[in-house]
Amino acid sequence: MFSYIVRRLAVAIPTILILVIISFALMFAAPGGPFNSERPLPPQVLANISAKYGLDQPYWRQITTYIWNIVAHFDFGPSFKYKDRSVADIIKSGFPVTLTYGFWSFVIAVIVGVALGVVAAIRQNTWIDYFAVGTSVAAQALPNFVMAPMLVLLFTLWLGWLPGGGWNGGQWQYLVMPVIALSTSYMASIARIMRSSMLEVMNAGFIRTARAKGLPMNRIIWKHALKPAMLPVLSYLGPAFVGMITGSVVVDVYFSTGGIGLYFVNSAFNRDYSVMMGITILVGVLTILFNLVVDILYAWIDPKIRY
Amino acid sequence: MVYPDKAVMEGVAQATGMAEVKGRSLWSDAVTRYSRNRAAVIGLVVLIAIILFSLFGGFFAAWSNEEIDWGRMGNIAATGAPSFENGHYFGLDDLGRDMYARTVQGTRISILVGLVGSFVAVVVGTLYGAVSGYFGGRTDQIMMRTVDILMSIPFMFVLILLLVIFGRSIGMLFVGIGLISWLDMSRIVRGQTLTIKNKEFVEAAIATGVKPMRIVLRHIVPNLLGIVVVYATLLIPGLIITESFISFLGLGVQEPSTSLGALISKGASQMQYGVIWQLGFPLFFFLVTLFAFFFVGDGLRDALDPKDR
Amino acid sequence: MIIKTTMTATATAILLAMSSMAMADSHVMAGDVLAPADMQTFVSRELDEFPSIDPSLIQDVAGNDVARQLFEGLMNQDADGNLVPGVATGYDVSDDKMTYTFHLRPEAKWSNGEPVKASDFVFAWKRAANPETASEYSWYISLMSIANADAVIAGEKPLDDLGVAAPDDATFVVTLSQPLPYFPQMVVNAVTFPLPEATVTSLGDAWTQPGNMVSNGAYKLTERVQQEKLVMERNDQYWDNANTIINKVTYLIINDENQGLTRYLAGEVDKTEIPTGQYPRLHEEYPTQAQSFPLLCSYYYAINMSDTGPEAFKDVRVRQALSLAVDRDIIVDNVLQGGQKPAYTFTHWATAGFETPDVPAASMTQDERNAKAVELMTEAGYGPDNPLTVDLLYNTSDAHKSIAVAISQMWKQTLGITTNLANEEWQTFLDDRGNQRYQIARAGWCGDYNEASTFTDLMTSTSGYNDSKYSNPEVDAAAADAKTSDNPQADYTKIEQIIAVDTPIIPIYHYASVKMLNDHIRNWPVNNVQQNYYVKDLYKVE
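Chains as they are written, first to last, in numbering that gives the first Met the number 0: chain W, 0 to 306; chain E, 0 to 308; chain C, 0 to 541.
Calculated from the structure, these hints are not laboratory results.
The beta carbon of each residue, even a glycine, is placed where N, CA and C say it ideally should be.
Mixed in with the good hints there might be a few duds.
Claimed, not checked - Here chain C is said to cover these stretches of chain E; the calculated rule only asks that three of the stretch's residues, wherever they fall, bring their Cβ under 8 Å from a Cβ of chain C:
no., region
1, 82 to 90
2, 249 to 263
3, 268 to 274
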């Protein structure tokens with residue numbers, strides 16, 4: 000297993016490299032550029048800018064310079080659009096934000112989702128079950144770009160309890176709505192997965208035996224059923240965790256949180272190549288890392304799986 | 000990127016447990032078991048009703064989906080509410096177009112996006128995942144790292160490119176969504192294949208000298224069918240949600256055509272302006288469609304799972 | 000409004016009155032009771048993070064709004080858009096109208112206490128033109144016709160050849176390459192603001208960070224969080240600090256305009272744009288807060304007249320018919336509903352010193368226009384047997400979509416034209432439109448300065464922004480003549496009347512700035528058609 004992990008991590012480096020090259024190719028293929036605007040720039044001005052950002056170099060040269068700067072100086076370059084900042088500045092300022100609200104969303108989604116799933120499974124086919132399934136399907140189906148403005152209307156305009164947006168260093172008042180908007184659909188997924196896996200475990204032989212022996216229900220659930228039933232949820236949490244800590248464009252747009260979720264879309268629209276690349280690499284590294292974690296979990300769940 | 004239903008998929012693989020399809024009788028068993036599941040049956044009925052609505056609802060519309068009711072335009076909040084008298088059963092949108100006709104047409108597009116995207120995912124994802132899982136070793140390494148890379152490429156960018164380079168058409172939207180949707184499918188199928196390939200019948204096939212590709216197509220893929228069908232049903236709502244997100248970003252279908260996602264996104268932006276029907280009707284059909292798909296998917300999963308519940 | 004152009008045209012020494020402005024609280028209206036000091040704040044909602052707040056690099060309106068508070072240029076604008084003294088107390092113009100001499104006030108100071116010197120302007124203007132700075136806005140320096148600007152930007156001449164000089168600390172001299180009547184209007188733009196040479200040189204790109212930035216305006220930068228907010232507080236070194244009333248200015252980035260409105264209604268911001276179509280309702284509910292003022296921009300559709308355009312558009316009758324069949328009144332009254340004005344000519348009606356010329360379409364009723372349009376289409380050979388299909392391209396936005404949908408229906412119902420609507424994201428859209436890969440495309444133009452040529456120049460065959468690829472020697476001649484004419488209005492009238500016939504574009508409406516504005520705020524520059532506001536001139540009442 001250890002050598003497997005080492006091998007996977009070794010493969011990660013060329014993977015990232017290929018990712019960088021593909022992303023570069025996509026960027027060069029896209030029409031427009033970071034310096035296009037309603038008013039086309041005079042050629043001379045455009046030439047000056049291209050020279051400054053190295054865009055006048057041949058493609059291979061741009062890629063190698065870019066990679067070299069990262070490897071040698073850990074320098075991800077300046078943002079083309081937001082000229083007062085470098086890519087590192089943007090990630091340094093935005094990632095902690097999404098990490099914070101993503102982490103809390105994760106915690107809440109897991110706790111509430113698991114609890115809802117377990118309760119629904121134990122009380123299968125009762126109104127509690129129907130309620131839990133109904134709300135989780137609804138929560139999963141309700142787009143967060145509908146929920147976000149609803150939350151602001153409710154908590155800010157009508158009740159006046161919470162500020163309508165902003166971050167302010169992550170004070171709790173500013174965290175509540177982003178966390179609700181982000182965690183809901185994940186919570187619903189977790190609840191549904193948890194419910195079905197719990198049902199399966201409760202029907203398994205060893206639980207039936209335990210019940211036959213007359214062990215109290217609470218003890219069965221806590222001591223015996225919960226752990227094996229958590230496994231499918233765990234394998235889901237890998238990609239979900241990456242999804243949450245890299246934030247959401249909807250949350251960043253509606254709550255003005257200033258996270259990097261916004262830049263996923265924004266940098267593509269702006270053709271802000273360097274930010275685009277920085278974010279791609281960040282997400283790429285996280286994705287590869289957590290996919291590895293998931294694969295290790297798979298092997299742990301089913302020892303018959305060979306790599 | 001929040002890709003809403005990535006969620007369910009990974010779980011399904013596990014929850015379905017190792018759905019082994021053992022011979023024909025299973026299918027008739029499954030039908031019996033499905034028909035005993037009340038939620039699933041209701042889901043199916045509702046789903047059929049919605050599909051009929053999206054196909055034939057237009058015959059009952061008094062207006063087309065692009066005509067502007069000039070007389071009411073500009074004062075929608077006061078004069079555009081749902082009404083049977085003027086033929087706008089679902090009211091008017093912000094430009095004075097009939098919400099009923101637009102909802103019918105939007106529902107059609109959204110369901111189509113879900114079905115086509117899920118079809119691509121099934122075909123590509125199943126073959127890719129099965130090959131990768133079965134051959135294992137270096138092939139598996141390369142194929143799965145490719146998936147990792149594709150998954151890490153910000154997907155908005157891919158869509159923008161596709162919509163740009165190959166022109167803006169609904170077909171391209173299908174292809175774009177399909178191209179993204181197979182990635183999760185391939186990972187799940189691969190995971191399942193890893194378990195299946197250690198089964199006796201596969202080892203028997205290897206022992207009798209069946210060629211590898213034939214084993215994949217004849218022995219592995221049919222045994223994946225259960226999970227693939229379930230996953231595909233559960234993928235559809237995910238794709239419909241994805242399309243709504245694309246519409247939210249303004250990259251969805253071109254006007255005057257619309258989708259539920261586009262209608263909801265527009266309606267949500269107007270929700271505090273006294274025209275709640277612009278959000279209410281499309282959101283209702285969106286939710287009901289998704290509910291129906293979810294319950295049908297859950298029902299199928301339970302029906303195909305040989306373990307008796 | 001005409002005062003400005005004549006003022007600049009009378010080439011003799013003009014010294015603007017300055018002293019009366021310096022009277023204590025001179026801009027507070029008699030009878031107004033000021034709100035307490037801790038309430039004297041101004042919070043504005045902004046659409047997006049500012050691409051830059053470095054005056055040499057700023058190119059957007061929002062960035063200019065920020066720079067105007069942090070820095071002070073040679074001239075400012077008053078509430079009506081007229082020039083008033085800034086760092087300069089006034090200027091002289093040479094007889095050949097090619098040399099402008101600005102006299103700087105000695106009491107002007109940077110926020111670190113250093114005096115503002117003429118050399119700070121020289122440094123700033125040279126920095127903007129410097130190819131190494133690679134400012135996207137360096138074209139503005141050449142637009143100002145400063146001597147050798149183009150050669151310096153191209154790197155063909157050394158920086159020192161740029162036509163700016165500081166003979167002493169209080170005198171800043173600009174040499175132009177040709178007379179430019181509206182030159183003084185142009186020095187209110189951020190790119191012309193002075194820069195603290197020592198700070199910029201020693202800190203490099205980091206000089207714009209809070210804590211580093213040294214500025215000479217009424218406010219100084221105190222906090223900036225990306226995509227969240229920008230905060231500035233009163234600069235007590237500012238020469239007119241005694242008359243500044245608002246203590247704190249905050250810009251909140253709220254990407255979604257509906258969220259902006261919700262947060263305005265929750266009392267979190269003082270100013271936000273009103274989403275399309277919501278003005279009438281808000282105006283009824285909040286008559287003192289919902290505001291609409293003319294804004295110096297025009298909205299139009301460009302018709303592709305180049306070889307890549309469809310054959311039908313080579314026929315002037317088709318172009319005229321398309322234009323006539325657009326019911327502008329419906330667009331402004333039923334779609335936009337925010338006090339915009341229907342446009343039959345290109346130049347914005349409120350442009351200083353400009354009188355909208357008469358064109359026939361403007362005085363017809365829509366029924367007459369439609370009848371005429373049908374007649375023209377029939378003459379051109381299009382009708383039920385030979386229907387025309389056009390592609391209409393617009394960039395992704397709700398407002399553009401609404402207008403495109405409405406117009407496509409007008410064309411369909413009046414002329415039987417089938418319109419394929421296509422929306423593209425911004426960069427793709429610009430690329431396609433700029434390279435004439437379109438048939439009809441949405442376009443908008445905002446005046447760079449408050450004078451008609453900023454619009455009419457677009458119609459010349461040499462303009463880089465003439466996406467229709469329209470070319471008419473008469474228009475080119477009139478536009479060239481207007482640069483030096485004593486009566487440019489005649490030329491502008493001629494241009495507008497020619498394009499009304501040739502119809503390379505379909506003018507649709509003239510913009511209005513439609514916003515919610517806290518009704519405790521006084522002295523908002525309602526009549527400034529560029530909506531250039533100076534927070535130092537605002538105040539809040541009880």
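Against the structure shown, which of the earlier numbered hints fail to hold, in ascending order? Of the numbered hints given earlier, the structure breaks just one, which is hint 1.
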